[in-house]
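*Asks:* Kindly generate the complete structure, drawing on both the sequences and the hints.
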Amino acid sequence: MSKIVQFNSTNLQNVDAKTKLQHEELKEEVRRMIKVVMDDELLYKLRLIDTIKQLGVSYHFEREIEEVLLNIYEHDYKDDQTLETTLFNSDCLERMDLVILLVSPFSFLFFTSNLVSYCFCDVKGLLELHESSHLRVHGEDILEEALDFTTTHLGLAKASGTIEYLLSALVSHALYKSIRKGLPRLEAKRFISIYQGDASHNKTLLKFAELDFNLRKKGLDLTTKLPFVRDRLVEGYFWMLGVYFEPQYSFARRY
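The sequence shown begins at 1 in UniProt numbering and counts up one residue at a time.
The set of hints was computed from the structure by calculation and includes no laboratory data. We treat Cβ as the ideally placed atom computed from N, Cα and C, and that holds for glycine. Where hints are given, some of them may not hold.
Stated by the list, open to error - With a cut-off of at most 20 angstroms between alpha-carbon atoms, the simulated DMTMM-like pairs for lysine to aspartate or glutamate come out as follows:
no., residue 1, residue 2
1, 124, 145
2, 218, 16
3, 177, 221
4, 225, 235
5, 203, 28
6, 189, 131
7, 124, 187
8, 207, 66
9, 207, 74
10, 158, 131
11, 218, 246
12, 207, 24
13, 27, 74
14, 218, 235
15, 189, 50
16, 35, 25
17, 203, 74
18, 35, 62
19, 177, 145
20, 177, 187
What the hints assert, rightly or not - Label-pair ranges, simulated between beta-carbon atoms:
no., residue 1, residue 2, range
21, 19, 152, 39 to 49 angstroms
22, 168, 28, 29 to 39 angstroms
23, 17, 74, 39 to 49 angstroms
*Replies:* This is the structure we're talking about:
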């Protein structure tokens, strides 16, 4: 059984020319990887883009990703796609502000009784629908219903114990908090830990994401530039504790 190994995001002590060169070589390799997927299956292209996005390295390849998504929009969008493909498609295209109308019957499948049995054999698709429902705005009743439905049935799928460990971890996190509501760098670190536990992960992409995360962390150097931040949290807590120490003021101490 696959397990999540916590990604060690320790600061790089020595960022030498060799490390920077390795980072650049891996970046160019990933760039080539994106360019050659034009002729691959639609779902593979969408999964690659989504993985790059969740690993937190998409900012390096904005032009290449836009070209792939435009190609998908113009040539690959069909009405007979699976639920996962449809929602991947919608999610990725909306990220680049392409306005689209989903006409696939899977987009509205949760109105039928068929989805109850369908969702357990395509938990990934249900998870994508759940994340896409967080793009809703006020008055979009269809996506409100989609959110309620997917929240219920993802919970049931997880409780059944029939989905693989890593997918279960993604479901648990989605039910706790949508990736759209998280801090991008924290979400990237969390996903790196999950992705490296996936036996089918792309080694080049994973290595680049780990190196890029650590290089950016080293470049920010917050422990040196902002050493007082950690102390301020403790000081703030004890300040409130000293002023509002009586039991009836627990609300004030909390905030």
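*Asks:* Compare the structure with each hint and give your call.
*Replies:* Do the hints match the structure? See the list:
Straight-line distance between C-alpha atoms of residue 124 and residue 145 comes to about 18 angstroms, which keeps the hinted pair within the 20 angstroms bound. For the suggested pair residue 218 and residue 16, the alpha carbons sit about 12 angstroms apart, so the restraint of at most 20 angstroms is met. With a C-alpha separation of about 28 angstroms, the suggested pair residue 177 and residue 221 falls outside the 20 angstroms cut-off, and the hint is violated. Distance check on the hinted pair: residue 225 and residue 235 sit about 19 angstroms apart at the alpha-carbon level, within 20 angstroms; holds.
Proposed proximity of residue 203 and residue 28 is supported: the alpha carbons are some 14 angstroms apart, at most 20 angstroms. A distance of roughly 19 angstroms separates the Cα atoms of residue 189 and residue 131; the hinted pair therefore holds under the 20 angstroms criterion. Of the pairs offered as hints, the one joining residue 124 and residue 187 holds, with about 18 angstroms between alpha carbons and a cut-off of 20 angstroms not exceeded. A distance of roughly 23 angstroms separates the Cα atoms of residue 207 and residue 66; the hinted pair therefore is violated under the 20 angstroms criterion.
Between residue 207 and residue 74, the direct Cα distance comes to roughly 32 angstroms. Violation of the 20 angstroms bound is thereby established for this hinted pair. Taken as a hint, the residue 158 and residue 131 pair is honoured in the structure, with Cα atoms around 16 angstroms apart against an allowance of 20 angstroms. For the suggested pair residue 218 and residue 246, the alpha carbons sit about 43 angstroms apart, so the restraint of at most 20 angstroms is broken. With a CA separation close to 12 angstroms, the supplied pair residue 207 and residue 24 stays within the 20 angstroms bound.
Only pairs whose Cα atoms come within 20 angstroms are accepted, and residue 27 paired with residue 74 is rejected, the gap being roughly 27 angstroms. About 27 angstroms separates the Cα atoms of residue 218 and residue 235, which puts this hinted pair outside 20 angstroms; it is violated. Of the supplied pair hints, the one linking residue 189 and residue 50 holds, its CA atoms being roughly 15 angstroms apart against a limit of 20 angstroms. The straight-line distance between the Cα atoms of residue 35 and residue 25 is roughly 16 angstroms, inside the 20 angstroms bound, and the hint therefore holds.
At most 20 angstroms may separate the alpha-carbon atoms for a hinted pair to count; residue 203 and residue 74 exceed this at roughly 31 angstroms. Restraint check for residue 35 and residue 62: the C-alpha separation of about 12 angstroms stays at or below 20 angstroms, so the hint holds. At most 20 angstroms may separate the alpha-carbon atoms for a hinted pair to count; residue 177 and residue 145 meet this at roughly 18 angstroms. With a C-alpha separation of about 11 angstroms, the suggested pair residue 177 and residue 187 falls inside the 20 angstroms cut-off, and the hint holds.
Judged by the Cβ atoms, the range 39 to 49 angstroms given for residue 19 and residue 152 holds: they are separated by roughly 47 angstroms. Against the hinted window of 29 to 39 angstroms, the Cβ-Cβ separation of residue 168 and residue 28 comes to about 35 angstroms, which satisfies the hint. Distance hint check for residue 17 and residue 74: the Cβ-Cβ separation is about 42 angstroms, which falls inside the suggested range of 39 to 49 angstroms.
The structure shown violates the earlier hints numbered 3, 8, 9, 11, 13, 14, 17.
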